[in-house]
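Visitor: Produce the entire structure from the sequences given, and follow the hints as far as they go.
As a plain string of letters, each chain reads:
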Amino acid sequence: MKDKFLIAFSAIAILSIAVFFFGCPTGKKSVVERDAAEKVYIAPGQYDEFYAFLSGGFSGQVSVYGIPSGRLLRIIPVFAVNPENGYGYSEETKAMLTTTHGFIPWDDSHHPELSQTNGVADGRWLFINSNNTPRVARIDLTTFRTVEIIEIPNSGGNHASPFVTENTEYVVASTRFSVPIPQEDVTISSYAEKFKGTLSFIKVDPQTGRMNIAFQILMPGFDYDLSHAGKGKSHGWFFFSSYNTEQAHTLLEVNASQNDKDFIAAVNWKKAEEYLAQGKAHEIPGVHYHNVFDEKKQTAYSEVIDNVKVLIPEECPGLVYFIPTPKSPHGCDVDPEGEYIVGGGKLATVIPVFSFTKMLKAIEEKKFDKTIDGIPVLNYDAVLAGEVQNPGLGPLHTEFDGKGYAYTSVFISSEVVKWSLKDFKVVDRIPVYYSIGHLCLPGGDTKKPTPKYLLALNKITKDRYLPTGPELPQACQLIDITGEKMKMLSDFPTVGEPHYAQMISAEVIKDKSVKIFKLEENQHPHKITSPEQAKVIRNGKEVHVYMTAIRSHFTPDNIEGIKVGDEVYFHVTNLEQDWDIPHGFAVFGSTNAELLIMPGETLTLKWTPKAPGVYPFYCTDFCSALHQEMQGYVRVSPANAKVELSWNK
Amino acid sequence: MFNWKFAFVSVAFSLISLGCSGGNSENGDFTVVKDVKIGAFDPQLAAKGEQIFKMKCVACHQYDKRLVGPPLGDVVKRRSADYIISMIIAPEVMQEKNDTVKALVQKYLTKMTNQNVSIEDAKAIYEHLRQVAGMK
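Residue numbers (my numbering), protein chains in the order written: chain A, 1 to 649; chain B, 650 to 785.
Hints were generated in silico from the structure; no laboratory data involved. From a predicted model like this one, the values you see are computed outputs, not experimental measurements. Backbone N, C-alpha and C fix where the C-beta goes; we use that ideal spot for every residue, glycine too. Careful: at least some of the hints might be erroneous.
Stated by the list, open to error - Taking beta-carbon pairs under 7 angstroms as the criterion, some of the chain B residues facing chain A (in silico):
#: 1; residue: 703
#: 2; residue: 707
#: 3; residue: 762
#: 4; residue: 764
#: 5; residue: 767
To be verified - Quick list of in silico lysine-lysine cross-link-like pairs, PhoX-like style, CA-CA up to 25 angstroms:
#: 6; chain 1: B; residue 1: 697; chain 2: A; residue 2: 296
#: 7; chain 1: B; residue 1: 703; chain 2: A; residue 2: 535
#: 8; chain 1: B; residue 1: 697; chain 2: A; residue 2: 518
#: 9; chain 1: A; residue 1: 297; chain 2: B; residue 2: 683
#: 10; chain 1: A; residue 1: 296; chain 2: A; residue 2: 196
#: 11; chain 1: B; residue 1: 703; chain 2: A; residue 2: 527
Guide: Written as structure tokens, this is what we have:
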């Protein structure tokens, strides 16, 4: 007996040692340190240290994760409809997704950017761009809801967006795919002659956050790709990377990779303000929708704006300069001091680092190689501070730790490289799995980074998780950057593509979170604040049901007199005044989504019954022990029936 | 000889009991507010209370019959002002600590919701209930 025990014990010991030395028997190497689990473990009931706001890429949304745990906290619908809570389906939210092309249920969201005060993320708003149909959205971080979307006219694809200046004076947008401006029916081969790009500066009201397009700058027809504002000493400037300076219009993969150098456009936006004040701007057609969610009325409204102001560089000397940047640059990042502008040349073998001080000197000394459409092209060497050698294959984006180091994501060789801003030498590198795009440090693109974690945002996961058929998730990897060497801590799959992210200390946001909407402050035009006010009103074919919901019944819950051909609007007010008690509302056979109504809120579902019968409705969000009883019926009669409208209280 | 084992166990027990103190040591007649002062009837306050009652209470409470919760027409005769105001401002605390409320939850099978009512508004509702009960 004892011998058997010994043999078993020895076998387990040998196996453990083998696993320790050779890794787990999955065929994949484990590269984490032993204390990694401890560093990302957040005990049940405890809060994470940081919020991470991840763009959803082609999901069109923003997802919110807790860091370091990687727990998904919430998905904020922005540019895509969300049947889960009725965003884009309820009457109140349809206007948010309305554009000059009509209602658009989807877009591609790329770059979340937190609002800033004095160059530091202030936790008030999160901006995010849509790439396909150019728009910029603003999310209120007290409610975690999209409260504003502005369309960008005279643009095709909005990628270098929505980065902010250090006091959120402006958020920017730009043209990724240059198009004829104004749009017209021309042959595509007239690209070089007719196609233009625009750089848009959207003014943000410091109190309300409301956006309006202050001006656009008409640029040569390149692809404007990414941007960042100057900060500190370079506050007043904005930098945009560009590629396809070849102005190719087909097979860009080859034809837009010919030039040895493309450009970073340096825009002096304070100068632009001067030109604007001098009346140098042209007012040109630029029809665009501006959708604002009125928080008091709990409803989104659209306004249509016809024109925009445009500045033309040729007429505005000193407004824009081009900095030659090797091989189709992508990332365009500015260090916390505002001195270095780092270009990520995705086909380059070096990372060029430009000096703001040298740029000003080169401008002063007119060290120009040539001029393109009135825009001086600065001499590369006159502006260059240094080049990072051997950064890996395909350097893309750079963020900073505020302690003298920069971290660059490298796509083709799937790694993060850490390099010194002192001598531009690589000091560390760590592999990531796989094909990293952006990376993110808390405050990593602001004046005050918090150098604790780095989030690698990976495009491809291949064999990292249990297979789920051909379609696999994208992923984040969390890296500890507190020491000299970067250490891999954990990874987690994400919703859609985590294109870019912003991290911020939870302390800045969590205590401002709204828990309920106060019934007394509800100014929704169809609200009722007591079941005693419940009613059903017919106006021709339109029927309006004014309904309340509270644990666990609707008032009214029996409605008769609806007829086939009617358009029924259920205006449901949630009378709860307690945190985390939403009620849902769904009606049988509805071709619409459900409503998910927060405490004190009113939402409206439109329903068009097609056949006579009795249709149940019910609460979809488990609200109490008697949630299953939270139901009701609507009787639908033939169009010519004589059934009177009636309801109970 | 010093008994290390005993000492360790004693210390551990002390730590556990210290760490676990602060449990439910309340009496069964616990209320959140104590000794609320109720003055002469104030009709203006009662009118304000009626408005709030209609917004935040009538979905579940009527005056003369059971709906989701108990009828409240004569509640001021049955319960103390401390009890009523505590129920209005912090029903979740009362449900946990007051024996009468615990029994009521068993009877009605629904927990009363916190309707985010301030103490001033709760006093107004109380005034309205005084009026309804004919105790003005």
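Visitor: Look at each hint and say if it fits the structure.
Guide: Verification of the hints:
1. 703: With a closest approach of 4 angstroms, the residue 703 of chain B hint holds.
2. 707: holds (6 angstroms)
3. 762: Holds, because the Cβ-Cβ distance from residue 762 of chain B to chain A comes to roughly 5 angstroms (cut-off 7 angstroms).
4. 764: holds (4 angstroms)
5. 767: For residue 767 of chain B, the interface hint is violated, since the closest Cβ of chain A sits about 11 angstroms away, which is over 7 angstroms.
6. B:697 - A:296: holds (23 angstroms)
7. B:703 - A:535: holds (15 angstroms)
8. B:697 - A:518: Distance of about 17 angstroms is within 25 angstroms: holds.
9. A:297 - B:683: The given pair, whose Cα atoms are some 39 angstroms apart, is violated under the 25 angstroms limit.
10. A:296 - A:196: This hinted pair is violated, its Cα atoms lying about 41 angstroms apart.
11. B:703 - A:527: holds (14 angstroms)
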